[in-house]
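There are 2 protein chains.
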Amino acid sequence: MQTPHFFISRDSGGSLVEQIFHAVANRIDDKLLRTGARMPSIRQFADEQGVSRFTVVEAYDRLVAKGYLESRRGAGFYVRERASMTMNTPVMPPLPDSAQQLDVVWLVRNMFRQLPPQKMPGSGVLPHDWLDGELVANGLRAISRLNQNLLLHYGTQQGFLPLRQQLQLKLAEQEIAAAPEQIVMTTGVTQALDLVAREFTKPGDTIFVDDPAWFLMFGSFAILGTKVIGIPRLHDGPDVVKLAELAAIHKPKLYIINSVMHNPTSTSLSAAKAFQVLKTAELHDFMIVEDDIYCDMHPGSAVQSATRIAALDQLNRVIYLGGFSKTLAANLRVGFIATSPELAIRLSDRKMLSTLTTTEIGERVVYKILSEGHYRKHVDRIRVKLDGVRDQITKRLENLGMKVEHRTPAGMFLWTDTGLDTNKLTEKALEQGYLLAPGSLFSPQQLPSTRMRINIAAMSDPGVWDFLQKAMK
Amino acid sequence: MQTPHFFISRDSGGSLVEQIFHAVANRIDDKLLRTGARMPSIRQFADEQGVSRFTVVEAYDRLVAKGYLESRRGAGFYVRERASMTMNTPVMPPLPDSAQQLDVVWLVRNMFRQLPPQKMPGSGVLPHDWLDGELVANGLRAISRLNQNLLLHYGTQQGFLPLRQQLQLKLAEQEIAAAPEQIVMTTGVTQALDLVAREFTKPGDTIFVDDPAWFLMFGSFAILGTKVIGIPRLHDGPDVVKLAELAAIHKPKLYIINSVMHNPTSTSLSAAKAFQVLKTAELHDFMIVEDDIYCDMHPGSAVQSATRIAALDQLNRVIYLGGFSKTLAANLRVGFIATSPELAIRLSDRKMLSTLTTTEIGERVVYKILSEGHYRKHVDRIRVKLDGVRDQITKRLENLGMKVEHRTPAGMFLWTDTGLDTNKLTEKALEQGYLLAPGSLFSPQQLPSTRMRINIAAMSDPGVWDFLQKAMK
Numbered sequence: 001m002q003t004p005h006f007f008i009s010r011d012s013g014g015s016l017v018e019q020i021f022h023a024v025a026n027r028i029d030d031k032l033l034r035t036g037a038r039m040p041s042i043r044q045f046a047d048e049q050g051v052s053r054f055t056v057v058e059a060y061d062r063l064v065a066k067g068y069l070e071s072r073r074g075a076g077f078y079v080r081e082r083a084s085m086t087m088n089t090p091v092m093p094p095l096p097d098s099a100q101q102l103d104v105v106w107l108v109r110n111m112f113r114q115l116p117p118q119k120m121p122g123s124g125v126l127p128h129d130w131l132d133g134e135l136v137a138n139g140l141r142a143i144s145r146l147n148q149n150l151l152l153h154y155g156t157q158q159g160f161l162p163l164r165q166q167l168q169l170k171l172a173e174q175e176i177a178a179a180p181e182q183i184v185m186t187t188g189v190t191q192a193l194d195l196v197a198r199e200f201t202k203p204g205d206t207i208f209v210d211d212p213a214w215f216l217m218f219g220s221f222a223i224l225g226t227k228v229i230g231i232p233r234l235h236d237g238p239d240v241v242k243l244a245e246l247a248a249i250h251k252p253k254l255y256i257i258n259s260v261m262h263n264p265t266s267t268s269l270s271a272a273k274a275f276q277v278l279k280t281a282e283l284h285d286f287m288i289v290e291d292d293i294y295c296d297m298h299p300g301s302a303v304q305s306a307t308r309i310a311a312l313d314q315l316n317r318v319i320y321l322g323g324f325s326k327t328l329a330a331n332l333r334v335g336f337i338a339t340s341p342e343l344a345i346r347l348s349d350r351k352m353l354s355t356l357t358t359t360e361i362g363e364r365v366v367y368k369i370l371s372e373g374h375y376r377k378h379v380d381r382i383r384v385k386l387d388g389v390r391d392q393i394t395k396r397l398e399n400l401g402m403k404v405e406h407r408t409p410a411g412m413f414l415w416t417d418t419g420l421d422t423n424k425l426t427e428k429a430l431e432q433g434y435l436l437a438p439g440s441l442f443s444p445q446q447l448p449s450t451r452m453r454i455n456i457a458a459m460s461d462p463g464v465w466d467f468l469q470k471a472m473k
Numbered sequence: 001m002q003t004p005h006f007f008i009s010r011d012s013g014g015s016l017v018e019q020i021f022h023a024v025a026n027r028i029d030d031k032l033l034r035t036g037a038r039m040p041s042i043r044q045f046a047d048e049q050g051v052s053r054f055t056v057v058e059a060y061d062r063l064v065a066k067g068y069l070e071s072r073r074g075a076g077f078y079v080r081e082r083a084s085m086t087m088n089t090p091v092m093p094p095l096p097d098s099a100q101q102l103d104v105v106w107l108v109r110n111m112f113r114q115l116p117p118q119k120m121p122g123s124g125v126l127p128h129d130w131l132d133g134e135l136v137a138n139g140l141r142a143i144s145r146l147n148q149n150l151l152l153h154y155g156t157q158q159g160f161l162p163l164r165q166q167l168q169l170k171l172a173e174q175e176i177a178a179a180p181e182q183i184v185m186t187t188g189v190t191q192a193l194d195l196v197a198r199e200f201t202k203p204g205d206t207i208f209v210d211d212p213a214w215f216l217m218f219g220s221f222a223i224l225g226t227k228v229i230g231i232p233r234l235h236d237g238p239d240v241v242k243l244a245e246l247a248a249i250h251k252p253k254l255y256i257i258n259s260v261m262h263n264p265t266s267t268s269l270s271a272a273k274a275f276q277v278l279k280t281a282e283l284h285d286f287m288i289v290e291d292d293i294y295c296d297m298h299p300g301s302a303v304q305s306a307t308r309i310a311a312l313d314q315l316n317r318v319i320y321l322g323g324f325s326k327t328l329a330a331n332l333r334v335g336f337i338a339t340s341p342e343l344a345i346r347l348s349d350r351k352m353l354s355t356l357t358t359t360e361i362g363e364r365v366v367y368k369i370l371s372e373g374h375y376r377k378h379v380d381r382i383r384v385k386l387d388g389v390r391d392q393i394t395k396r397l398e399n400l401g402m403k404v405e406h407r408t409p410a411g412m413f414l415w416t417d418t419g420l421d422t423n424k425l426t427e428k429a430l431e432q433g434y435l436l437a438p439g440s441l442f443s444p445q446q447l448p449s450t451r452m453r454i455n456i457a458a459m460s461d462p463g464v465w466d467f468l469q470k471a472m473k
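Order-wise, the sequence lines are chains G and Z.
Numbering (this note's numbering) for the first sequence: 1 to 473.
Numbering (this note's numbering) for the second sequence: 1 to 473.
It should be emphasised that the hints constitute simulated quantities derived from the structure, not laboratory data.
Where hints are given, some of them may not hold.
Since the list can't tell identical chains apart, any single copy or any two copies may satisfy a pair.
In silico DMTMM-like pairs for lysine to aspartate or glutamate, Cα to Cα no more than 25 Å straight-line [claimed, not checked]:
id: 1; residue 1: 66; residue 2: 282
id: 2; residue 1: 227; residue 2: 205
id: 3; residue 1: 251; residue 2: 61
id: 4; residue 1: 170; residue 2: 70
id: 5; residue 1: 279; residue 2: 391
id: 6; residue 1: 66; residue 2: 173
id: 7; residue 1: 66; residue 2: 175
If we strip away everything but chain G, and leave its shape as in the complex, we get (with noise of 0.2 Å):
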């Protein structure tokens, strides 16, 4: 199909993604473009308009929100329907200041692109070949097969009991004691986080990251309208001159911290490092939130010395936060925070506010693949798997003038510097097909950097070596 004549100029007015966006609106409001007639494919559009693939992404996405067009899964976009549609704009107050600066919402949006896996060197996640599916489905069946009236009532506030009985065992091993009344199922880390920041803020309070960070916590953050202050994350954990420094300075409320296998360095805290951030804290009298959802990557003390802070405090000024989400699979959406029995309490109430009860199809999936002593084994296998390419993957980035900060003896993130800007490059490997995580996305700010999150499970595609080859050249 040829594409129509859009008139789309790149010397007037608007950005690209704009004028495509009003040439085809407006095409569709003249009706010179028919309800359910297809449109021409991204890659067709591009290539005949002369401009980028991702540029026809963007404007057909704003296309399908407005109601323009509609996607159907695997066989393109489609004009809509409209005639049964009000378009009136809604009524909408404006949303607070701090969440129009997210730029985040659209990074995170890519991030939850369906791409193929092999496409996704930024992608936070596993490949699907690398995790066992087997594994979770066998346990999805086997609790089809419980007693059949399971799922019918909301279950209890703190979530399924003997997960989080196992789970004070998983703990036990980390030196962190937390009875099960001390644990509270989450729909993941994102909801212990959010919960944990609405208990202990108010808008305008400061919150510590570590800065690079976990990107979607930005967000998170912001529209509660607090201030999210990064502080320089160096080979074995923060920089504790500038924490002590910049607490002084800003009374945080909280410190958000991935003491184990921090996402994206892969570094992990030293015993030193880990008492100092403690002392800080009760120095400045702030809490400790230790994310430590990549904890069972971790390859173990011999190989990289790492210390939880919750092991040093046992959950008095420190909240714990956990999940399986890397490790098994991310749509069961299982994580718990572990904290003082009081603050337990307080945390699950606030959860049946947000959300009520978690489902227990994902805890009682995680129990079981836990209790039957599968984890364990698991979790091996994908160390033993990422140990077995990571060395290579660093050469070969190397070999193309990029650096690999720290060079950490573990996990599934490598942090690079490439000396390009990662913006520009994540905006060129997109019209390509393949999603980068550019430094970016891990700046408490935002900042333009060099810097990109390689995920070395992802790493297999030859186009994406091929990509890379040609833009450090």
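Could you slot chain Z onto chain G? The hints should help.
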């Protein structure tokens, strides 16, 4: 086992619950009760100390929360191993003031107690044998046999697309036009309300609700720092004169309403009332949030007239919420928002920042049941069953001297007036192991009330009738 003497006196200071708590805690601290010792059962403790079982339950709950006791499901309460536990008071800033008034939290905790369904005439869900556990279990089994990699990754931002397409059809039957991109899947209606309230209000803003209304949202809105004001609910919808008066004074941002099968009165909106509510919302510029969770309990307009405001407004000023916790299975945690395309994007961005994606498991189960045509037959059966008991229960309650408000010909709830303080009645019932739903629970101000909500599907236990008969004498 003989209960140890705890020196509990009705005359000394502190509530009975506190006295029991401290008496037991002290004996454990002093090692007079050894680790692992089994505590007397609630009944035994109550009988021997001459206090109510309700009091003992409360005291044991606190002892569990503080780590003194552990509850072993089905086996009673045991003294916990405490050597490894830090019992220091955690560092916590105070909760926002509004949250301290949350008696509703205590009430909610009770609503989610694990009592046998026939002991819970106050429950908001149907007992197991009124639902179809097999239908849900079959759905889950089918999902577990699909592609085993189904659950490994996060899923899509707005939720499982085929379900959103099914919901488009379902909404069309209610004369509401919503394309799949206008639908955002949520963790039940609870999350939908939380997201909408966070989108449209800031602390100090006002939200209107029905009076009476579903209690959980009072707590949910209170922790956002918003003011909650109730609009009296009449037999055919809200008191629109009052609504207009209060809207002029309070300038609300949102009005949350059950148009159809209102909880707890089972009344529905007349067409005239729906029109007037919408006009008032336009005049005073607030959004209407139409929570239609009970829609499938409605018997059709021949039996009770019912107009959805969204059918008049077409998702311009109305945000429509729905879900399957009441008719299929609460633990699937499947709810949704239908709204304008623009707001759908904003709310799904907000969802991602709070909990990331919803789990596809529940969404796929609901999709299967809807798309294979089982759902309609299933809800028909529920309605027939409810119709089969409603009149008889109404008469029996009236014979006891209770007044049944509105006497609606549909729904699972009766809204009754006992002439007694139903807070006290609830406390008495709990002592005997029955859960009631007192009127104060449904009052936006938690005002004491003589009213009470009865779940007609949970009135089969003769003990409930005995209790009510004695109480009403």
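Structure-based check of all given hints:
no. : hint       : verdict
1   : 66 to 282  : between (51 Å within a copy, 23 Å between copies)
2   : 227 to 205 : both (6 Å within a copy, 22 Å between copies)
3   : 251 to 61  : neither (41 Å within a copy, 35 Å between copies)
4   : 170 to 70  : between (47 Å within a copy, 19 Å between copies)
5   : 279 to 391 : neither (36 Å within a copy, 67 Å between copies)
6   : 66 to 173  : between (52 Å within a copy, 23 Å between copies)
7   : 66 to 175  : between (53 Å within a copy, 20 Å between copies)
When the structure is compared with the earlier hints, violations turn up for hints 3, 5 and for no others.
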